[in-house]
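One letter stands for each residue in the lines below.
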Amino acid sequence: MDQPSKITEYLEAVRQQIRWKKAQSPVLEEINNHIIDQKNAFVIHGLSEEAAIDRAIAEMGDPIVVGGQLDRAHRPKLIDIGTIILGILLVLGILGTRNSGTDLLRTIFGDQIVLGMVIPRLEELVYLIGASLIVFSLVAIFVPMKISKAVIWCQGFILTAIYLSEVFPRMRFVLLLVVVNVISFLVVYRISRSVKIGLVSTVTSFAGLFLFVVGTQINCYMYNNGVNGSYGGFENVPKALAIIFIMYLVPQLLMAALISEKNSKEQIA
Amino acid sequence: MTIDKSLLTGSTTMLILKLLDETDMYGYQMIEELSKRSNNAFELKAGTLYPLLHTLERKNMLISYEETADNARVRKYYSITTNGRKHLKEKKEGWKAYTTAIDDVLGGAGFGPA
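Quick mapping for you: the protein sequence lines, in order, are chains A and B.
Per the working numbering, the first sequence starts with residue 1, numbered consecutively.
Per the working numbering, the second sequence starts with residue 1, numbered consecutively.
In isolation and in its complexed conformation, chain B is listed as follows (with noise of 0.2 Å):
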């Protein structure tokens, strides 16, 4: 099977679908919640994050509403659609090989004598 090239920084999409694919969010909370549950290793900034949720939004991948939360502050969340559930589904099998083929790699012969 072959690895999408665009994998690596294709993966911040994959993240961001798979939080939405739990529930609705708005930016900010994503950038926490990733954090959260990465440990603090995905640091996503703010600056990266809002173009990428934009051109999901327009890929159809993901829709927004927005919500008044508290004193009226018109927040705009996120949901996540059938496309980019579909979308979700293909990134994490091209994950999947692409992290077997590396531990194959790593793991294989060749790896222990070094």
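If we strip away everything but chain A, and leave its shape as in the complex, we get (with noise of 0.2 Å):
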């Protein structure tokens, strides 16, 4: 038997006993690398090719029981599970209630819930936590973990969104556009593994923005003045900007400050 192939075959031993896919490859990848270097501090101590793979197999020990222990160690938690049962439950509970016409919810909790706070469209909201924590117990689970934190935050934004837009129609375009963005920034990152390539599209698409919505109210303005003879037509210009600016920059900018974060490490390396 050629000498790889052993590698291989014990790392296929160890992968049979991790039940969760999602943390096989990661997993395997740094045993690998782990029996290679070994093996390699076996050779420069003077052993042969050959038998520094096999010792380099053997300190490692036995794969089931490596295995074994790495499976203990890769299990979707619990709190993922009982997040998804909730999350069910929720959205369920809000799909019948509002089917049979009957305002369950507002029976049991009534409109004011905190300190006299009316929360407005309560059952798209609790419909909407409930989606999200399902959506976001399945990101955890089976979404790889590198970028599992960047999916989620990326869910939370979309979600947030859609409910503001239920309560304020208005700032639907603006958060159609969040969503678009987040989505080119993360597979601009994904590709690039770079934030600051990443935030190039978020950058340039602000400045797009904000030159689109300079040029209407010039527009509005030169409309204004020849038609009406009035002047106006920027008093909206600061308050757009703002909305822009945090349902749009804000996300973005926490989001790569994460991923940086992360990263921060790897940078100083």
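It is worth saying that the hints were derived from the structure and are not from the lab.
Note that the structure is a prediction, hence the values are computed from the model and not measured.
Possibly wrong hints are sitting among the right ones.
Claimed, not checked - Listed next, the stretches of chain A that the computed footprint assigns to chain B, with coverage defined by at least 3 CB atoms under 8 Å from CB atoms of chain B:
hint: 1; stretch: 32-39
hint: 2; stretch: 46-55
hint: 3; stretch: 67-73
Claimed, not checked - Calculated pairs, DMTMM-like style, for lysine to aspartate or glutamate (alpha carbon to alpha carbon, straight line, at most 25 Å):
hint: 4; chain 1: B; residue 1: K76; chain 2: A; residue 2: D54
hint: 5; chain 1: B; residue 1: K45; chain 2: A; residue 2: D54
hint: 6; chain 1: A; residue 1: K21; chain 2: B; residue 2: E32
hint: 7; chain 1: A; residue 1: K22; chain 2: A; residue 2: E9
hint: 8; chain 1: B; residue 1: K76; chain 2: A; residue 2: E9
hint: 9; chain 1: A; residue 1: K21; chain 2: A; residue 2: E50
hint: 10; chain 1: A; residue 1: K22; chain 2: B; residue 2: E66
hint: 11; chain 1: B; residue 1: K76; chain 2: B; residue 2: D104
hint: 12; chain 1: B; residue 1: K18; chain 2: B; residue 2: E90
hint: 13; chain 1: B; residue 1: K59; chain 2: A; residue 2: D71
hint: 14; chain 1: B; residue 1: K45; chain 2: A; residue 2: E12
hint: 15; chain 1: B; residue 1: K76; chain 2: B; residue 2: E93
hint: 16; chain 1: B; residue 1: K36; chain 2: A; residue 2: E9
hint: 17; chain 1: B; residue 1: K59; chain 2: B; residue 2: D104
hint: 18; chain 1: B; residue 1: K89; chain 2: B; residue 2: E67
hint: 19; chain 1: B; residue 1: K45; chain 2: A; residue 2: D71
hint: 20; chain 1: B; residue 1: K76; chain 2: A; residue 2: E59
We put the beta carbon where it would ideally sit given N, CA and C, even for glycine.
Dock chain one against chain two, each of which comes alone in its own frame, and use the hints as you go.
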């Protein structure tokens, strides 16, 4: 039997013990690296290539035992499964109450939930919370660990955006852009592995939107001036820019900060 | 002061956290370093190390990141978190209390005459 396949065989035996598919490949890569490091060290100490591989594999220990321990270290967290169930219950609860026309939630909680604060669109909110619990848990279980955090953030923004657009219909346009922008950021980041390049799309589209808003207002100003003889049209610019900034740039920057904090070691080392 | 019962089994955790408290390392490096510093007294098995590292990572005591080493192999480095440092401090205190207690018994009355 040739040597590399001995390592492959060992790794395969370990793989079979790890039930959670998502965890398998990063773990095996790490083990593989370790065996190669160990083998190289043995070769330096004077062993032949073949003997070094045998020793390195022997040093790792029984693949069944090692795999079993790794399996215990990598299991979907119970809380993820719990939140899925809670999410499904919330979603079903809302669908049920809305179909039957009875407002179960209002009966239970009333309109005023916290200190007399009226929560607008309560059913949608609870529905979205339920949906997001399901989505987040599924992401935590199935999406590769490297990007699961970013995906959860992204999903969070989208769901928040949907709720806000229910409450404030006029914001829908901006929110739609946020979604597109977050996705493009993630795609560019995934490809380039660089937060800076990922943010290029954010900054350019923000600049584009900025020019768009200013342009419409200039148009408005000229139109008002020409047709009505009155001046005006810029009074909405600060408000529009503030909305765009908050809904558009803040989530991206947060996400970028999160990713670059995670990667900061990488840049230093 | 009571002694943590998992002290002995948990001492590997303490040693790993201590190594990472100084600098980021990858798995193989930790085993080498531990063996070197303990004059080969601690021969940590890789089969023990990785499950432990992964468990610590899930408990947010460590974070990992990948870095391309020579010949394009990607190495997984581990780095201690604030949470991990806190845990290390607690473990160290527990360990000190334990060894002090042992010393007290061994070095106290009844130890000499045997």
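Hint check:
| no. | hint | result |
| --- | --- | --- |
| 1 | 32-39 | holds (count 5) |
| 2 | 46-55 | violated (count 0) |
| 3 | 67-73 | holds (count 4) |
| 4 | K76(B) with D54(A) | holds, 23 Å |
| 5 | K45(B) with D54(A) | holds, 16 Å |
| 6 | K21(A) with E32(B) | violated, 30 Å |
| 7 | K22(A) with E9(A) | holds, 20 Å |
| 8 | K76(B) with E9(A) | holds, 22 Å |
| 9 | K21(A) with E50(A) | violated, 31 Å |
| 10 | K22(A) with E66(B) | holds, 17 Å |
| 11 | K76(B) with D104(B) | violated, 43 Å |
| 12 | K18(B) with E90(B) | holds, 12 Å |
| 13 | K59(B) with D71(A) | holds, 16 Å |
| 14 | K45(B) with E12(A) | holds, 19 Å |
| 15 | K76(B) with E93(B) | violated, 30 Å |
| 16 | K36(B) with E9(A) | violated, 31 Å |
| 17 | K59(B) with D104(B) | violated, 35 Å |
| 18 | K89(B) with E67(B) | violated, 28 Å |
| 19 | K45(B) with D71(A) | holds, 17 Å |
| 20 | K76(B) with E59(A) | holds, 20 Å |
Hints 2, 6, 9, 11, 15, 16, 17, 18 from the list above are not met by this structure, while the remaining hints are.
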